[in-house]
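Number of protein chains: 2
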Amino acid sequence: MTTLTGELLHPSITDPEMDSMRLLSETALRFPDALSFSSGAPYDGNHDLANLSYYTDRYIKHLRDKGVPEARISRLLFQYGPVNGLIQDDVALMLRQDEGIDVAPEAVMITHGFQEAALVALRGLFTSPRDVLLSVSPAYVGIRGAARMLDIPIRGVPEGPDGLDPDAVAAAARAVRAEGGRPTALYLVPDFNNPSGTVLPLDARRRLLEIAEEEDLFVLEDNPYGLFAREGETMPTLKSLDTRGRVLYLGSFAKSAFPGARLGYLVADQEVTDASGTVRTLAQTLSKAKAMYSVGSSTLSQAVIGGYLAEHRHDLRSATRELAAVYLERLDATLAALARHFPPGGDHGVSWNTPRGGFFLVLKVPFTADLAAMERSARDHGVSWAPMTMFHLDGGGRREIRLGFSNLAPEAIDEGIARLARFIADTPRETPRSAPRETTGDTV
Amino acid sequence: MTTLTGELLHPSITDPEMDSMRLLSETALRFPDALSFSSGAPYDGNHDLANLSYYTDRYIKHLRDKGVPEARISRLLFQYGPVNGLIQDDVALMLRQDEGIDVAPEAVMITHGFQEAALVALRGLFTSPRDVLLSVSPAYVGIRGAARMLDIPIRGVPEGPDGLDPDAVAAAARAVRAEGGRPTALYLVPDFNNPSGTVLPLDARRRLLEIAEEEDLFVLEDNPYGLFAREGETMPTLKSLDTRGRVLYLGSFAKSAFPGARLGYLVADQEVTDASGTVRTLAQTLSKAKAMYSVGSSTLSQAVIGGYLAEHRHDLRSATRELAAVYLERLDATLAALARHFPPGGDHGVSWNTPRGGFFLVLKVPFTADLAAMERSARDHGVSWAPMTMFHLDGGGRREIRLGFSNLAPEAIDEGIARLARFIADTPRETPRSAPRETTGDTV
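Sequence order for the protein chains is H and L. The numbering used here puts the first residue of the first sequence at 985, with every later residue one more than the last. The numbering used here puts the first residue of the second sequence at 985, with every later residue one more than the last.
Next up, chain H with everything else stripped away, as it sits in the complex (with noise of 0.2 Å):
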């Protein structure tokens, strides 16, 4: 049997870096009796496994009830499909309705999740090795590991309370241009950021796209927890302001739906002439990298969320109403957890910041939170959570941890933070001299 070291593969499967997912997810294993922050599933819900076969019958007969012939219906189901799916026209009737993105089925690629309309957009858009990835930083793991599996460099822009200030995104495609590269495209979650659970605001939408034009930047919009905003609270999405053909907008069911069916979808209504002068939208011209990476996406999974979709009248934000009030009560109640275990005024140490939703918040503690850290909180104390040093993409975030909050119920949140106060009274105070510069921290 052949043996290799690990050194013989790609740096974007060993590097370290690269790697603090899958160590964060075996030392939380490690510990099972840990209650656990460190992820950001969703909520398990009470999810009938009936359903599967319910909405897989349910979507064949929406396809009847559209007058698509048996024939038909059968080969779009059980042969090699449209490379861009079978439910188009399902998800931008939703778009229209639930996030007033009004773009033809044409505009719409559906894909195996985020991931893959990550990968397709960027291999799409990411021509020569100067393109560079401009990217809020803190950021969801899913985006550098994308740019990482191709090769991209990625440069990150750190954001502030209120999110990325667009000027810092200008100052950063100006200084990536005088290093000699091409700043390409802008990657950022407007709508309570992972980790930080930041909203952008309305104004910094407008000039966001006023600098993607003037700096001449794609941006990736990507929208996983757009939907559970408070009543009221809900923000036009980038996409939805975009008058210039700018944004790319990425989406998945994971959260609206459910994470098993790997399924998302790329919305690019950009018009692309090829050599011949045809016309054709984005999202068809990179139905060729699609194609690809899996050819088209699993008609189980197509079927399974277009049945939802047409039991639901496509109109997700009614759907998942009670879904978001769930979000919010355990964001609430992490928050009052927090409030009575650090008290204001309190020789603690800790602070967090106060999203108005989204899966995360982030704490501020008195230490280094890196993963030996982790490991202690969770086999000493019994909870567990995520290094912030994970989501920073230049340094940064060595006293700080990510709260997932999605997947504990709120009695669990009590006892979680609890614990994880005993474990922070219980961890020497670092003063900040004895500590490393956040700029120059080493991610884990």
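Hints listed in this document are in silico derivations from the structure and should not be mistaken for laboratory results. Incorrect hints may have been included.
[What the hints assert, rightly or not] Coverage of chain L stretches by chain H, computed from C-beta distances (three or more under 8 Å per stretch; other residues unrestricted):
1. 1039-1049
2. 1247-1256
3. 1359-1371
C-beta atoms are modelled at their ideal positions from N, C-alpha and C, and glycine is treated no differently.
Since the structure of chain H is provided, determine the placement of chain L on it from the hints.
Using the frame of chain H, we list chain L on its own:
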């Protein structure tokens, strides 16, 4: 609205060479009445839409029968699950019965079809721009596409009537090294290659594994058609003969079950030692790449395929006997119709190979068989096919066409070959001198 030109996109999206598949299917779509030998789609069969929910529920029963607790089954199907999949044990059972491949479930990764398995393997094994993929030529277009997506250079090794000559592989590896490259892996389909239908003899299989060891090559063995050999003619897979851990085996359920599930797998039982000294299988190590492509594979697809495997006691070779007979009948019908229309000794200038199985055969014709010729054939004579130039990696195949017979009933094959004979008779012959030389031929 932004209008882009194709030149702004990555060459894997816009190169005419990569566009041939789309042009081919568009041409075929423009002439819907033409009988199509141009695709490799499997037999449409007598698929029953009710089977989709049946097999989903069958898999749930399979898990219950194994004693998996109800809450765990629900989490496996609805939540984010294990990146490498849910049904590796089922696939390992199948591989032992069907192919004599004896690996642990930990050596199996479930993927979104062959394409994702190939991308994961290529991403892991190819670490520097010097690394070169050797491939049988002519080859399935998907492997070329996967390599192009990752900017991996690919070098064709021409095959003969009995597939790849192992010594030609050794010579190609040495030639790459002499040019300063690193020959990293070899791609081939040992059983019924697409497009040529060749089968690698047993002694060449053994020799190829020795060459892989001598030249330090991994072997990517792609086996979509091996299940459909004639009784008594099944050949051992390279993986089952591999004692030195040289082979990564890539499988797909597109032909053994149905393409819509978009489900395949990668077998990689090589041991990898990481920086901390932990030993994992290569399949486990590559889960980092799989996570970045699409996290896990669709649980719905895994449930349907897992249910199908359980229903057939993991013995797909027996389960597909009738299907194999369908394909062999179609191959025989194609060969018989060709013999009728192009009798031996006739002045037709047409010849073909006689594969023992698979979905394809290759016809030599006395004129340039490019997309323009295919369009004339479809428009004026009602029959479509694929130019062989699409599959050659280093030019060649200009006067050859691929006939895919897997999705045509015998009567349609008879009629299609009659139409093809009229098209060929109607097309002016080119003398070899007037045609461009094979070795300099542009691909379509």
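Verdict on chain H covering the segment 1039-1049 of chain L, where coverage means 3 or more residues with a C-beta closer than 8 Å
Held - the segment 1039-1049 of chain L has 3 residues with a Cβ nearer than 8 Å to chain H, which meets the minimum of three.
Can you confirm whether chain H covers the segment 1359-1371 of chain L, using C-beta to C-beta distances below 8 Å and requiring at least three such residues?
That given contact is violated, which follows from only 0 residues of the segment 1359-1371 of chain L lying within Cβ reach (below 8 Å) of chain H.
Holds or violated: the segment 1247-1256 of chain L covered by chain H, criterion of 3 or more residues with Cβ-Cβ distance under 8 Å?
holds (count 5)
Taken one by one, the earlier hints fail for this structure only at number 3.
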